[in-house]
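So the sequences go chain by chain: P and R.
Heads up: the first sequence runs through residues 171 to 738, numbered per my numbering.
Heads up: the second sequence runs through residues 74 to 559, numbered per my numbering.
Rather than coming from a laboratory, the hints here were simulated on the basis of the structure.
Virtual Cβ for every residue (Gly too), placed ideally from N, Cα, C.
Each hint should be verified, as a subset may be incorrect.
[To be verified] Derived BS3-like pairs (lysine-lysine); straight-line CA-CA distance at most 27 Å: (1) LYS648/P to LYS133/R; (2) LYS299/R to LYS316/P; (3) LYS147/R to LYS722/P; (4) LYS133/R to LYS512/P; (5) LYS274/R to LYS512/P; (6) LYS139/R to LYS640/P; (7) LYS139/R to LYS644/P; (8) LYS299/R to LYS139/R; (9) LYS352/R to LYS316/P; (10) LYS640/P to LYS274/R; (11) LYS460/R to LYS275/R; (12) LYS640/P to LYS147/R; (13) LYS417/P to LYS494/P; (14) LYS275/R to LYS316/P; (15) LYS379/R to LYS494/P; (16) LYS460/R to LYS507/P; (17) LYS701/P to LYS640/P; (18) LYS507/P to LYS274/R; (19) LYS133/R to LYS644/P; (20) LYS407/P to LYS444/R; (21) LYS278/R to LYS512/P; (22) LYS509/P to LYS274/R; (23) LYS628/P to LYS139/R; (24) LYS407/P to LYS417/P; (25) LYS497/P to LYS144/R; (26) LYS299/R to LYS494/P; (27) LYS460/R to LYS316/P; (28) LYS497/P to LYS299/R; (29) LYS274/R to LYS488/P; (30) LYS628/P to LYS144/R.
[Stated by the list, open to error] Beyond 10 Å from chain P on every Cβ pair, some chain R residues (computed): (31) VAL135; (32) SER136; (33) GLU178; (34) ARG266; (35) ILE268; (36) LYS275; (37) MET293; (38) VAL341; (39) ASP446; (40) MET483.
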Amino acid sequence: MQASLSLSLSLPPAAPRSDPAPTVFRPSALRFCGLRREALGLRPLRPAGSTWVFPSPARTPSRKTVAAVSGNGSPSKGFDYDLVIIGAGVGGHGAALHAVEKGLKTAIIEGDIVGGTCVNRGCVPSKALLAVSGRMRELQNEHHLKALGLQVSSPGYDRQGVADHANNLASKIRNNLTNSLKALGVDILTGVGTIAGTQKVKYGKVGFPDTEITAKDIIIATGSVPFVPNGIEVDGKTVFTSDHALKLEWVPEWIAIVGSGYIGLEFSDVYSALGSEVTFVEALDQLMPGFDPEIGKLAQRVLINPRKIDYHTGVFAKKITPAKDGKPVLIELIDAKTKEPKDTLEVDAALIATGRAPFTKGLGLENINIVTQRGFVPVNERMQVIDASGNLIPHLYCIGDANGKMMLAHAASAQGISVVEQIGGRDNVLNHLSIPAACFTHPEISMVGMTEPQAREKAQQEGFEVSVAKTSFKANTKALAENEGEGLAKLIYRPDTGEILGVHILGMHAADLIHEASNAIALGTRVQDIKFAVHAHPTLSEVLDELFKSAKVNTGVSPSSVNEPVTV
Amino acid sequence: MASLANVHLGTPFLPSPASLRGRSAACGVGGVAPRRAPRIQAKIREIFMPALSSTMTEGKIVSWAKAEGDKLAKGESVVVVESDKADMDVETFYDGYLAAIMVEEGAVAAVGSAIALLAETEDEIPLAKSQAASSSATMASDGPAASRPVADTAAPPSPLETAPEALSSSPPSSNFSPVAASSAHPASEGGQRTIATPYAKKLAKDLKVELGSVAGSGPMGRIVAKDVEVAAAATAAAPVSTAPPKSVSNSSAVKAPASPAIQLGTVVPFTTMQGAVSKNMVESLSVPTFRVGYTITTNALDDLYKKIKSKGVTMTALLAKATAMALMKHPIVNSSCRDGKSFTYNSSINIAVAVAIDGGLITPVLQDADKVDIYSLSRKWKELVDKARAKQLQSHEYNTGTFTLSNLGMFGVDRFDAILPPGTGAIMAVGASQSTVVATKDGRIGVKSQMQVNVTADHRVIYGADLAAFLQTLAKIIEDPKELTL
Chain P
171 MQASLSLSLS LPPAAPRSDP APTVFRPSAL RFCGLRREAL GLRPLRPAGS TWVFPSPART
231 PSRKTVAAVS GNGSPSKGFD YDLVIIGAGV GGHGAALHAV EKGLKTAIIE GDIVGGTCVN
291 RGCVPSKALL AVSGRMRELQ NEHHLKALGL QVSSPGYDRQ GVADHANNLA SKIRNNLTNS
351 LKALGVDILT GVGTIAGTQK VKYGKVGFPD TEITAKDIII ATGSVPFVPN GIEVDGKTVF
411 TSDHALKLEW VPEWIAIVGS GYIGLEFSDV YSALGSEVTF VEALDQLMPG FDPEIGKLAQ
471 RVLINPRKID YHTGVFAKKI TPAKDGKPVL IELIDAKTKE PKDTLEVDAA LIATGRAPFT
531 KGLGLENINI VTQRGFVPVN ERMQVIDASG NLIPHLYCIG DANGKMMLAH AASAQGISVV
591 EQIGGRDNVL NHLSIPAACF THPEISMVGM TEPQAREKAQ QEGFEVSVAK TSFKANTKAL
651 AENEGEGLAK LIYRPDTGEI LGVHILGMHA ADLIHEASNA IALGTRVQDI KFAVHAHPTL
711 SEVLDELFKS AKVNTGVSPS SVNEPVTV
Chain R
74 MASLANVHLG TPFLPSPASL RGRSAACGVG GVAPRRAPRI QAKIREIFMP ALSSTMTEGK
134 IVSWAKAEGD KLAKGESVVV VESDKADMDV ETFYDGYLAA IMVEEGAVAA VGSAIALLAE
194 TEDEIPLAKS QAASSSATMA SDGPAASRPV ADTAAPPSPL ETAPEALSSS PPSSNFSPVA
254 ASSAHPASEG GQRTIATPYA KKLAKDLKVE LGSVAGSGPM GRIVAKDVEV AAAATAAAPV
314 STAPPKSVSN SSAVKAPASP AIQLGTVVPF TTMQGAVSKN MVESLSVPTF RVGYTITTNA
374 LDDLYKKIKS KGVTMTALLA KATAMALMKH PIVNSSCRDG KSFTYNSSIN IAVAVAIDGG
434 LITPVLQDAD KVDIYSLSRK WKELVDKARA KQLQSHEYNT GTFTLSNLGM FGVDRFDAIL
494 PPGTGAIMAV GASQSTVVAT KDGRIGVKSQ MQVNVTADHR VIYGADLAAF LQTLAKIIED
554 PKELTL
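The shape of chain P in the complex, shown without the other chains (with noise of 0.2 Å):
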């Protein structure tokens, strides 16, 4: 670590902001790449006052590693399996492949194709939609082909050759999970899976889970599928949600986005891009509700106002009538506080993005005694499910959409392998803040951690301040080079010690830019030590070297740093 601080201080001329080396040779640098989580706010690793003891595990788990290299792990004695995975989708797919890797003998039960609906209906085969709406959309902007010097003539699409990419890709990646799991020699076990008792799960077909087997330990993770609220009717050709849009059947003229989240965002991306305009109905007063403000301002001035998109906020769709005889599909709007009749919307479609409802139906959660709150397991910090008098139930825990704590493909592997570690005794709390979240329109919008009124009201309850900096893509090179300098970065930390609470991207390829803000935060690098980390030159990742740079640490402000030396 003093090596690669020296570096960038052996080379004065690119880093001209260096004082004289001794005051920033202090030790203080030495977090550069420590693992300083109570810097992030989580608990300590074992909370005092759980009551709950983890039990010792019969086995010595680094032995255990060694043999994993072979392949699946016996099990442990009197067990089928060390671990049995209900769900074969990311999420479950990630807990396997790190338990095969530490040596328990693993099955992962499916009930419907691997891959879940990442793979199969989510965020696999969009991206593939995606990317074709992205060069859509750059074919068609003449304006700024014209500014590169380019002339393209009348650019089109065939529907089903997108459809057949979207679906290829699905079918691609389904493919490299499943052999991946087999050759790790991860037991897949085709049926639907139910919680028998404890350390006990059946399966087969539905309604005739036929075939016990038992384990040590169970992880539920069985997804989510679309939440249609109710007075919306869905046929799947005119009304429909993303597991239909996905399979692009066909391009309507207008179709209506009932939900302005991420989903509907990419929705939108994507019907617009091949020519479809879209209407947006939001209940909540502003568009993109889940996103910080500024992104979600900004977001709405590149990503909506010059599409053929509009919009009407503030109203529930309360009723939705697909398209026949004739007819339109209509949607009638109410306003969300009032309940009062708005309006009257004939579309050609409507797709149904207003999230995701838990699938934990016939789990059998009723045999041990869980009450789902609306849907959703319960569990504490630890993934560990928490039964109907507040208890944890050993040996079961749950991960991914199914808890709900953040529905994201890749939090649910994340939770996924904090649990397997939990089970080979090293005890992991995840840090949800550090999980990256994207959502794949052109330009990618891509945030980790805190919005800045979440961390203004963090601030306020805890005595905090809270500082922002900026800055925008108009002044990247590379960004420019593209001719795609329309987006902004925003961080959002504490003056006091330079801890990051949240990073905020809007611009081209945001999704991968925010690695290194997710990062520093899971590894509670601060900012003052991440600003001296060297990004190549011209590339898009210099518009966070930027953003380290512009905010400004002061070490000494705070109390509870006093006696810590100052990096200026």
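Dock chain R against chain P, hints included.
Just chain R, lined up with the frame of chain P:
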């Protein structure tokens, strides 16, 4: 490198020239420049578009950090402005209330022009609003969110008298919008719903087209972008050559102002109107059309025209009237095919007449041409042409035609063939009336004035025999035109 910088601007709020005064003072100036007479108690300042760089001539409002009615403290960021280089937060140098936003988000304003008004006290907000409403046309009715109820009604002709009412009726709170928001909803009014696609709405706003007056051609009669473009083109362009037919000299006399010289070797993109024409023309290819021609003797018509010309009757009106009367007897030729499955029999006979205008063409419509007498029809035609010149044609005055006439006779063209406008069943191309040597009925050689007409029709609904019968009727009417003046 920081491209999002906070800039303090010394110039944006210039108190003295920009200060508005109270109403009473305005009276004294005779309403010419009411804002010039200073009064210290009521201070309303203009917020100007700042010059954020030496090269900046105009700026785009990225976003308003504050809403109308918000209290502003000195040094607070009010608006984000996009210059040629970067986005900048612009701060206020004065305490007060953001009374009226004059340039909406996304709009562009020249450096130094007023973009908002700042009131010193809450009481002055309505005053500032009415000031903004009367001084800025752009801020009125820019969308449901931008409702400024009280000020709007108070603003226009006699602001001095209505202002006190506005003051007293407005709630003490600075938030006025709810008053108007409740009644602003289009769907709830009179059951007359306007269905327009998102892009059509955007275009309508950009091109300043009133959606209520646009006829929709999309599925279920919804208004699509094309309809708005056509409507905009019609109002935007002035007619070039509207001279009565058959008078070459006349038309050249009415030549439009010379358009900018064409630069050879360049590619010039279509104007909105030309784009709309292009789209329509391509669309017409999906209609199976055919043509039937007829030669009509016009001696009688020419005589009639000479007789009633002094009463303001034009040849265009005569031709339209004759056509309408023929259509009356052949409703099939006045029909159209909308969906490929059915006949749409139009209830009225509306004759659209193509008129060339600078860089395009437009088709003013003589409505109910069969029912209106020839004199009224001629007056109507003159009115339409005047309106078209003044760019004031309403959409129903150019897009409700059921049958189209196109006349190139005044250029000496003896015959041509027209393309069928989408949505109609037939169009008639009228050539010049020329003296022709003909064999008369009694077997002699004679000279008669004849013109050729050529009808293009949609064969899905109009068949050859229909057109033939229609043309026969038309020829009869024109060759014995006394019915035209009845």
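Beyond 10 Å from every chain P Cβ - status for ASP446/R | 41 Å, holds
Below or equal to 27 Å on CA atoms is what counts here, so check LYS460/R against LYS275/R.
-> The hint holds at about 26 Å.
With a cut-off of 27 Å on the C-alpha distance, tell me whether LYS460/R and LYS507/P pass.
-> 47 Å, violated
Does the structure keep LYS133/R and LYS644/P at a Cα separation of 27 Å or less?
-> Holds, because 15 Å separates the two Cα atoms, which is no more than 27 Å.
Between LYS274/R and LYS512/P, does the CA-CA distance stay at or below 27 Å?
-> 18 Å, holds
Pair hint LYS147/R and LYS722/P, alpha-carbon separation not exceeding 27 Å | 24 Å, holds
Has the given pair, LYS701/P with LYS640/P, been kept, meaning a C-alpha gap of at most 27 Å?
-> 14 Å, holds
Decide if the proposed pair is consistent with the structure: LYS352/R and LYS316/P, CA atoms, cutoff 27 Å inclusive.
-> Judged against 27 Å, a Cα distance of about 23 Å means the pair holds.
Just checking, SER136/R versus chain P, shortest CB gap more than 10 Å?
-> Violated: least Cβ distance 6 Å, not greater than 10 Å.
Reported absence of LYS275/R from the contact zone with chain P (all CB gaps over 10 Å) | LYS275/R is in fact no farther than 10 Å from some Cβ atom of chain P, at 7 Å.
Outside-interface status for MET293/R - nearest CB in chain P farther than 10 Å = 6 Å, violated
Holds or violated: are the alpha carbons of LYS640/P and LYS274/R at most 27 Å from each other?
-> 34 Å, violated
The structure fails to meet hints 4, 8, 10, 15, 16, 20, 25, 27, 31, 32, 33, 34, 35, 36, 37 from the earlier list, while all remaining hints are met.
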